[in-house]
Amino acid sequence: MLIKNHLADLVKQAIAAAQNANALPAFPMPDVFVERPQKKEWGDFATSAPLKLARDAKRAPLQIAQAIAAHVPSDETVAKVEASAPGFVNFTLSDAWLARQVDAILAAGARFGDLEPPRRLNIQVEHVSVNPTGPMHVGSGRNGAIGDTLANVLEAAGHRVHREFYINDNGSQVRHLGESVFARYAQALGKDEKFPDDGYQGAYVIEMGKQFAQEHTDKFLQMPRAQAVRELGALGMKIVLQQLRATLEKMNVRFDNWFSERSLYTGGTFDTVFKVLQAKGLVVEKDGAVWFAAQELGEEKDAVLIRSPQVIADPDARPTYLASDIAYVWNKVAVRKFDRAIYVWGADHHGDVPRVLAAARALGLDPARVAILIYQFVTLKRGGETVKMSKRTGEFVTLDELLEEVGPDAVRFMLITQSANATIDFDLDVAVKHSDENPVYYVQYAHARIASILKKAIESGVSSEDGDVSLLTHPAELELIRAMLRLQEVVELAANKLEPHHLPHYAIDLAGIFHSFYKQCRVVSSDPADAAISRARLKLVAAAKNTLVRTLNLIGVTAPETM
RNA sequence: GUCCUCGUAGCUCAAUUGGAUAGAGCGUUGCCCUGCGAAGGCAAAGGCUGUGGGUUCGAGUCCCGCCGAGGACACCA
Numbered sequence: 001m002l003i004k005n006h007l008a009d010l011v012k013q014a015i016a017a018a019q020n021a022n023a024l025p026a027f028p029m030p031d032v033f034v035e036r037p038q039k040k041e042w043g044d045f046a047t048s049a050p051l052k053l054a055r056d057a058k059r060a061p062l063q064i065a066q067a068i069a070a071h072v073p074s075d076e077t078v079a080k081v082e083a084s085a086p087g088f089v090n091f092t093l094s095d096a097w098l099a100r101q102v103d104a105i106l107a108a109g110a111r112f113g114d115l116e117p118p119r120r121l122n123i124q125v126e127h128v129s130v131n132p133t134g135p136m137h138v139g140s141g142r143n144g145a146i147g148d149t150l151a152n153v154l155e156a157a158g159h160r161v162h163r164e165f166y167i168n169d170n171g172s173q174v175r176h177l178g179e180s181v182f183a184r185y186a187q188a189l190g191k192d193e194k195f196p197d198d199g200y201q202g203a204y205v206i207e208m209g210k211q212f213a214q215e216h217t218d219k220f221l222q223m224p225r226a227q228a229v230r231e232l233g234a235l236g237m238k239i240v241l242q243q244l245r246a247t248l249e250k251m252n253v254r255f256d257n258w259f260s261e262r263s264l265y266t267g268g269t270f271d272t273v274f275k276v277l278q279a280k281g282l283v284v285e286k287d288g289a290v291w292f293a294a295q296e297l298g299e300e301k302d303a304v305l306i307r308s309p310q311v312i313a314d315p316d317a318r319p320t321y322l323a324s325d326i327a328y329v330w331n332k333v334a335v336r337k338f339d340r341a342i343y344v345w346g347a348d349h350h351g352d353v354p355r356v357l358a359a360a361r362a363l364g365l366d367p368a369r370v371a372i373l374i375y376q377f378v379t380l381k382r383g384g385e386t387v388k389m390s391k392r393t394g395e396f397v398t399l400d401e402l403l404e405e406v407g408p409d410a411v412r413f414m415l416i417t418q419s420a421n422a423t424i425d426f427d428l429d430v431a432v433k434h435s436d437e438n439p440v441y442y443v444q445y446a447h448a449r450i451a452s453i454l455k456k457a458i459e460s461g462v463s464s465e466d467g468d469v470s471l472l473t474h475p476a477e478l479e480l481i482r483a484m485l486r487l488q489e490v491v492e493l494a495a496n497k498l499e500p501h502h503l504p505h506y507a508i509d510l511a512g513i514f515h516s517f518y519k520q521c522r523v524v525s526s527d528p529a530d531a532a533i534s535r536a537r538l539k540l541v542a543a544a545k546n547t548l549v550r551t552l553n554l555i556g557v558t559a560p561e562t563m
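Read in order, the letters of the first sequence are residues 1 to 563 in the working numbering.
Treat the hints as calculated values from the structure; they're not laboratory data.
It should be emphasised that the depicted structure is a prediction, and the values quoted were computed from it without experimental measurement.
Check the hints yourself; a few may be wrong.
Heads up, simulated DSSO-like pairs for lysine-lysine below, C-alpha to C-alpha not over 30 Å straight-line [to be verified]:
no. : residue 1 : residue 2
1   : Lys219    : Lys238
2   : Lys80     : Lys40
3   : Lys80     : Lys12
4   : Lys497    : Lys455
5   : Lys280    : Lys219
6   : Lys301    : Lys280
The following label-pair restraints were derived from C-beta to C-beta distances [as the list claims (entries may be wrong)]:
no. : residue 1 : residue 2 : range
7   : Arg55     : Val335    : 46 to 56 Å
8   : Tyr321    : Ala104    : 44 to 54 Å
9   : Gly298    : Ala96     : 18 to 28 Å
Yeah, the Cβ is synthetic: ideal placement off N, Cα and C, and Gly gets one too.
Could you put together the complete structure from these sequences and hints?
This is the structure in structure tokens:
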């Protein structure tokens, strides 16, 4: 159980006890929240409950705080309870209890920081899901960093998590890719084929054209053009998907499943949801197209589900992305029965959120089971100027290039450190030049330092065996323990609010507190008189390493032994 | 024009259901390595939280107006 929840219980007990003793008047038991105060003088935890109770209790807040403080039952975790103006109750944790937590952290090992949720949920995190038409750009990298870290955190919070990449293999983008590959392929064979105006101009398409010309000679020129475009598009997409997978793995992003959009049609899911919507009168035909009557559900306007034959000749290509999205949400929630389906979408899709949620409602799905996390864009700057990015023109900095220049750990850390709803301004010159000063190295350095201490201890024949943690009484030692114990709260916060950015901030804090401890407290000592404290501190340092490793793993970056 | 996100130290960003004197990193200035990794520590300077109102015991956080940045408003995805 989280300490703050335990303390909240103590506060409730104190309120009841104070009421029994007539120190407080009768009023219904409120919800009590305990939080971290800003100042050390205010202890480890505080509650502002007295301020909130003032009205109901018809007493001055400070008076209520004093009554509560006086009736908090004694508890092994708490050393001091104080009422403080204007109406807080402050808790200071017991030094002895804190010291004991070092053994607890070591015992928890790789599972330290895990929570036990009231109910273990099946959660799907679908993220990245970039069109498989070319190399990833940095924005999609942000998507992957957010999605994967979130998935890690939800697992730590005690849930079962399924990571999925949604392959847009049914849209016009893939057709454009096929057209582009076809043109490059024909050109590679010396044919004067016009490159489509809206084609993908990147060099990777030229490469594919050459490759296919070599592998298949003129096979695709011998078949009907439409068929060749389709088959080359499929081949091209396969290659792009392999590249995407490779790029994502560099960033430590992996998926349990790669889900085909097309399968929503071939597998009959779309037909099913279409009939459900039809039965509810939410499907209308207009101007030759089939529309989703979103207005009936309070949305601003209707949206096309299936385009008219006049606009798109190929029947397979007529459904819009919205048609797929509706079938997909049904597949996630109704068919695969995920308790929660989390989407990670870029800001350019935020306008689609209400329609998907409306569709979920229309299909009788609980909208609370669907969460769509929107993140803002990443803008790159180089030489003081914004780097414009467009896949069509092929002018963009790829994620691969960034990973190459800056390094996977730094990229992932930077993409996750900022809250999703803030845009990221990424100065490439600075990122490359000052990469040594990236916060991720600050954290990793703390880890490497600990690894070095542990190595030194082995060389010096000092062991943590039988280390007595009750000897850990130095303020810097206790400060470090306090910092380690915050991990669970950070996991809870990040999981509840779907805000993975809290993790790197915590990691920086923890590393800083470790560095400060290191400066103040000698761990491995050659003085025989220090033998006992050395053993205890080795335990402390091992616990700190455990905590750093866990935090870095959650963020998805490595914890190097040496740097 | 309507909607979404954002505006906090010189720069990049935090700030846990609205809580106490708004915090880090980088940069700047000054200290600290002849015992565990100086990719480090300690200290200083730096703020009317874009702006004007409002809500209340209390607002960076909630509401309204204005200014500024990015995004969305297709039979594109």
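Hint-by-hint comparison with the structure:
1. With a C-alpha separation of about 18 Å, the suggested pair Lys219 and Lys238 falls inside the 30 Å cut-off, and the hint holds.
2. Taken as a hint, the Lys80 and Lys40 pair is honoured in the structure, with Cα atoms around 13 Å apart against an allowance of 30 Å.
3. Restraint check: the Cα-Cα separation between Lys80 and Lys12 comes to about 17 Å, which is no more than 30 Å; the hinted pair holds.
4. Of the pairs offered as hints, the one joining Lys497 and Lys455 is violated, with about 39 Å between alpha carbons and a cut-off of 30 Å exceeded.
5. For the hint pairing Lys280 with Lys219, the CA-to-CA distance comes to about 49 Å; that exceeds 30 Å, so the pair is violated.
6. Between Lys301 and Lys280 the alpha-carbon distance is near 17 Å, which keeps this suggested pair within the 30 Å criterion.
7. Evaluation of the 46 to 56 Å hint for Arg55 and Val335 yields a pass: the beta carbon distance comes to about 50 Å.
8. Judged by the Cβ atoms, the range 44 to 54 Å given for Tyr321 and Ala104 holds: they are separated by roughly 50 Å.
9. Between Gly298 and Ala96 the C-beta distance comes to about 59 Å, which lies outside the given range of 18 to 28 Å.
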